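Student: Each chain, written out:
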Amino acid sequence: MIEVICNDRLGKKVRVKCNPDDTVGDLKKLIAAQTGTKPEKIVLKKWYNVYKDHITLADYEIHDGMNLELYYR
Amino acid sequence: MSGDGGDIALSIDETNKLRISLGLKPLQVDGDVASGGGEPKERDADAEAEENYTEYRSKEKAQLERTAALDRIARSRNKRLLNAKLAGATLASDTLPDEGGAGADVDDPLAWVKRSRVRQHELAERRRKEQEEMDRQAEEQAKKEYVVSGVRVGHRAEDLVEAGEAILVLKDSTIEENEAEGDELVSNIMTEKERLARKADLAKKKPGYNPFETAADAGAGASRGILSQYDEEIDGVEKDSFVIGAGGRVAVEEERERRRDAAERARLGVGLTGRKEDLQYGKTGEIRDYMTKEEDEAAQTEATFKKTKKKSKKDRKARTRDEVDEGTGNDAVGDVDMAPPSGPVDSFAFSNATQDTSGTNFVDDEDLQAALARQRRLAARKRAREQAVAAPEDIARMIKREEEGGDTGESATTWAVDGDAEMGVVKDEDNEEGDEADPLVLSDTTEFVRNLPSVSVFQERQIAAERRRRAAELAVSARPGGAGGDVDMPAKEEEDEAIEEMDVDGRGRGGSADASDEDGDVGDVAARARMRKGGWTEAAEDGEIETKGSVLERIEEGGGREGTPDEDELAGIVEEPLVGSGLGAALTYLNSRGMLEKPTPELEERENLLRKRLQWAEDQKKKDARRKMEDLWRKEARKREEAKKKKGGGGGQQSYWEEEERAREEAMIERQRARELEDKFKDYKPVVNIEYTNEFGIKMDEKEAFKYLSHRFHGKGSGKQKIEKRLLKIQDKLKEEAASSSAPIGAVQKLQEATKRMGQPHIVLQVGNRGVAPVLPPVSGPSDPSKSGAAALSKPKKRKGDDPSGTGKKAKKG
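Read top to bottom, the protein sequences are chains A and B.
For the first sequence, full-length UniProt numbering gives the first residue as 1, with consecutive numbering after it.
For the second sequence, full-length UniProt numbering gives the first residue as 1, with consecutive numbering after it.
This is chain B alone, in the form it adopts within the complex:
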């Protein structure tokens, strides 16, 4: 092992040894190669290459020869096959298959011609036989019964005749159609023609209605009905068809007759889905609010149309069918119920039940129709019971009575009058006044006035007293027939119930609030409101009524508690509320006395803020608590889940999904929390009040504070003089403050005064151990107060409190 330049290298021998130890073959040293035969090896290679080449050439040659031979073989086989196809009989030899020697007279044209003639004869014979056979069959077919008799043909017979010859096929229809209509024969060509014709018709865009059309223009349209252009849409396209009779005969004349008949019927309106309406009516007729007596009677006698929805439909259907069958001329009037009216014959004084409704089509709104019918019936029954009243005076009387009855008022009666009540001035007998001539006036103005808070508190009190008295009476007397107004209440109630559904609950509420007639005023308002609105009260009025009711109740309660006689109430003396009942009562008492000051706006503001802050804090606490709870729940849920999973083993995909779900959930919660945190300080309104104090604890204003801070920050204060000046100022201020704080006692002032009065710079408070009351001589002439004051302050002679405004002196003086 030697290293030249740090290389590690082995000699060949050493390497060979190593190789042997490693199990490798020894090195091939160049010397060995030279001696062993490096060149012959090379020569060998050349020779081998030569050999290889020749070998390759020979192989290639052999391959070529082989392919050429194969090719040749294939070609010869092909030729043979083609020739084989050509073998067999030729056209000439084909004509005489029966003659054995095909090849014998192939080349003889004369023989061939002869043979072909014979063949032609044979063929003609065969064809004739077939023809005969077909004829025979056709005859047999004709002898059989005619199959198509009774089948409908979907065209007009005339058209078919015109067309001359038409191929009819069974119509292409669905199973349902086929079952409904049976088989039908149509001609495809004619159907197509009809379709085209219809299309062309539509393309023309004929105006549906020509107002200037005369009977001559219309031609055949003389029999056309009103708005006949819609007939097709309503009834569907009319199909012309006829039925093939027995033996395949068609009675064309009969068919025509039938069609004409149908057209006539259609013109008369039979069988149409809609009913023809006559637009002629008395346009010039006078419109009146109510019927005259004669009209009324006439209406009563003639018109009592009662029909229920259910019945009428069925009836009409059945009837129309009958009419169609019988061909009665009464077709146009489809709606009249000819059955005699059932129930009592009523006089319909002020309902429009007597109106002739036959011409009116209510059917489009059946609900309304039903409601109206019911209403009418009820009203009629009621009227019948109360005897007919037809005159307007009676109406007014009725209204009046209803008003008295308060809430027992019948909406059924009022709704019918609505129109009249507003504009009419109607006579009335006034029950309260007993004045027969006093008219009941209903106008916008009266309505307005009545709706004003007409019941004063005083009146209400009176009413309440009355009411209590009555209630007591009622309770005592077992007989419920005492006074007029409130007695027939229960009797009427059952009737009311029937009508209740039409009336809105406003009346019901009013009714529950009061039990007797003195609440008639309240009910009155309701009743009148109802009238004004046309029978259907709105909830707005209820509010008003209710408040009034509550006022009444309150007053009543007050009376009950105090137990004072009603006269006191009438006098308007209100007893002091008891303070002992609670803090609230005390407060109200004080408030009423004006003993409590009203808070200033600032105070209120501050309190508001404080309240808000408290609220905020409370909210936060609540939220925190909730959050904590939620966290707890979630944790528990998680724990439970994990336990379950551990038990269950857990599938890979599912657990992955769960993990994902949980991660998403957590993210959501986190986000929510962040949002909450954001929200938390939304309502947070702290009261910030920054105060600066200097080294003496004296408040500084903004400017001073800035100066102070600035000096502190820069470490460089004011100069000596300035500081002194400031200190002096502060001292002065302190002194001033002290003086002002003692102002209520005014010791300083008093001292000054005293000294001034005595003309001495001091006052004697004490002599020796004894206290001496200062002798205050009468005020001497005006002296220089500043001088004396200054003197008094600067040179106190006798013993005196050290502090000029001190407490000690004060005490002694007092």
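Next up, chain A with everything else stripped away, as it sits in the complex:
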């Protein structure tokens, strides 16, 4: 289990527990459940990398305690 921190820098900072083999889409669903936004409205970024839904966190090398940027489209 890893814990990822997603911050939109507008007042929402979410700590999400997830598996490394979860996809980004799953992560988005979890985030959506915690923040109350629709998952399809969420964009996850790290610098200029926009994470795609169908790729797992392990593949993106997202580790425990990493910060992701949370945007809304």
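Because the hints were derived from the structure by calculation, they are not lab data.
All figures in this text were calculated on a predicted structure; none of them were measured in a lab.
A hint or two may mislead.
[Unchecked claim] Heads up, simulated SDA-like pairs for lysine to any residue below, C-alpha to C-alpha not over 20 Å straight-line:
no.: 1; chain 1: A; residue 1: Lys13; chain 2: A; residue 2: Thr37
no.: 2; chain 1: A; residue 1: Lys45; chain 2: B; residue 2: Asp7
no.: 3; chain 1: A; residue 1: Lys13; chain 2: B; residue 2: Glu14
no.: 4; chain 1: A; residue 1: Lys38; chain 2: B; residue 2: Leu18
no.: 5; chain 1: A; residue 1: Lys13; chain 2: B; residue 2: Ile8
no.: 6; chain 1: A; residue 1: Lys41; chain 2: B; residue 2: Leu22
no.: 7; chain 1: B; residue 1: Lys59; chain 2: B; residue 2: Ala47
no.: 8; chain 1: A; residue 1: Lys46; chain 2: B; residue 2: Asp7
no.: 9; chain 1: A; residue 1: Lys12; chain 2: B; residue 2: Ala9
no.: 10; chain 1: B; residue 1: Lys25; chain 2: A; residue 2: Ile2
no.: 11; chain 1: B; residue 1: Lys17; chain 2: A; residue 2: Thr35
no.: 12; chain 1: A; residue 1: Lys12; chain 2: B; residue 2: Ser11
no.: 13; chain 1: A; residue 1: Lys12; chain 2: B; residue 2: Asp7
no.: 14; chain 1: B; residue 1: Lys635; chain 2: B; residue 2: Gln672
no.: 15; chain 1: B; residue 1: Lys750; chain 2: B; residue 2: Pro761
Once you have looked at the hints, place chain B on chain A.
Tutor: Same frame as chain A, now just chain B:
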């Protein structure tokens, strides 16, 4: 859900619940991994790696073995194949294929030698047989008829003999050439040699013409013609050739004979395209302007060469061919027409028709030749009709007659004389004076004098009167044979028509202007001009003639309108034109009387400007109207097009093109419009006249205006004193102006005068209700005018008009 520092976070359980609700597998918590077997998994991995490695090694080994085996197999197969090639009979065994036991005596050299000897014998026998066969065939060939007889060989027979042996092949030629010349045999080597020789010849750059060449130098060139170096260029390169006779024989001697013959003929000029010209002529002979009687006669008898262009060409061709065929010695003279002259034998008094033209080559300018021939013929016919006149006196008489006849003058006769007329002083019988001895003198001076406006207006009037009278006579009399000059006009005309094409239209125009001989003067000028120019009149003279004609006509018209007798005209009295006919007439009348002032230059300038402006405005209006129309058309066209497109549906690319086209068009129109706008004000010259007036409405000059404006602008005027001064000045000026405006009546002056005369500062205009005429006593002695005037102005005693220069007083005074 808890938030530490604003974080939103879920516990593991909550997350698992959520995950289940989302359809995801539960979280793998670290504790589970530790209990489940994180380490064995790792160990497994190591073992697996080991296994994998061994497996890989074994696989590799097997692969190596396999490739080695394959290699071995291939090598052995290769070896086998190579060995298979070596199998079979060897060289030794090859010599005895028929003997079955090949391997038996392979190793026996003696046997081999024996066998090879036998073989050699056999081969020799076979070769001999073949040779015999070939010989036999050759003999048969020789027995057959000789095939090449009648074929042309493109070399000199001697050369061939010299060359000894030459291989002749059919010449490489085009189909056309082959059809024209037939087969030709050439030797490639010899052709090449000839070509080289010619090249070397050209490279030598021999001078074409050696003036110092003697017959000895020339050697064989004794038979060379004039400028023979061009013979090749004219006739093409001469080809030596002979024909193989029957049985393959060639008559060398005959051939040589033939060639010599041809050379001889060429020397004589037969068969050449050009004709040989003899450059010998009588250089020292005297050149005369006309022939003597004897010469003339001789010429008449001998020379009547008439040939038309068409005929001569054909004739000559045919004749030359004939001459060549017959070998007549008359070759050099190619141009002489030996046929007897057709038509009347004429005497060519002053045409050069009698000239011997046989030696002259006119052919290079056939048009000129034809024109001259025609001219000559016409002139000859004319002369024949009028009887031959050979003497210069006759020529002069002729000219005179022509002059009389005015425009009936024959250019055909005059053109021939042109040279003589200028310098010769020729006797003449003058018809008008009836003086036989009076010579006709033609010189530069007389020509000049004659070309001066010799016909005065007075004379012209006379002429016009005469002309009218004659015309009336003609109209009355049905017989057209009245007076000499104008009667033979129509008779001559048909002849004139024939010559008309040679003559320029100057005469024709002159002829149309006048109908009878009193215009002879006009025609005279034309005729003389023609003579001077050598028969071909220029248009410049026509202008002059025409103006004269128009003067005549004008005078005639004037006479007709007024209906006055000719005597009046002669007296030079001109009746006043009628004013009633129109404004123009009135204006001219006034002008002639000097009643209208000539406009001053300024006025003219102003009017000019005004006219220009009006013109400009009009132009603009026109342009605007046109532009509007164009716009309208364009709009309509556009509408129509769009409608059509809507109907048609419109293809993508095409509509795009159309759109593009339209855009371009519009841009162009826009540009044009801009240019027009620019042009519009090019001719715009407004009259700008800036006037400044002050607060009293008085005109100011530039300086004052500047001051005024400046004061207004700065809001700071002059001081009080200055203003007063200025006002005073203005007042004075006004007064002055008033005085000057009343100057024509001079009331003020008169008043002053009156007061001065009466010695009183006032005058009595009215007493009570009655008007009193002022009594003007005789002028008293000179008194101080300024004093009295001032007094009169300052102290009016009696009742008087308030205004010193007022109208009321004026009226009373008057």
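Student: Now tell me if each hint is right for this structure.
Tutor: Each hint, compared with the structure:
{"no.": "1", "hint": "A:Lys13 - A:Thr37", "verdict": "holds (13 Å)"}
{"no.": "2", "hint": "A:Lys45 - B:Asp7", "verdict": "holds (18 Å)"}
{"no.": "3", "hint": "A:Lys13 - B:Glu14", "verdict": "holds (18 Å)"}
{"no.": "4", "hint": "A:Lys38 - B:Leu18", "verdict": "holds (15 Å)"}
{"no.": "5", "hint": "A:Lys13 - B:Ile8", "verdict": "holds (6 Å)"}
{"no.": "6", "hint": "A:Lys41 - B:Leu22", "verdict": "holds (17 Å)"}
{"no.": "7", "hint": "B:Lys59 - B:Ala47", "verdict": "holds (18 Å)"}
{"no.": "8", "hint": "A:Lys46 - B:Asp7", "verdict": "holds (19 Å)"}
{"no.": "9", "hint": "A:Lys12 - B:Ala9", "verdict": "holds (11 Å)"}
{"no.": "10", "hint": "B:Lys25 - A:Ile2", "verdict": "holds (14 Å)"}
{"no.": "11", "hint": "B:Lys17 - A:Thr35", "verdict": "holds (16 Å)"}
{"no.": "12", "hint": "A:Lys12 - B:Ser11", "verdict": "holds (18 Å)"}
{"no.": "13", "hint": "A:Lys12 - B:Asp7", "verdict": "holds (7 Å)"}
{"no.": "14", "hint": "B:Lys635 - B:Gln672", "verdict": "holds (17 Å)"}
{"no.": "15", "hint": "B:Lys750 - B:Pro761", "verdict": "holds (13 Å)"}
Checked against the numbered hints above, the structure breaks none of them.
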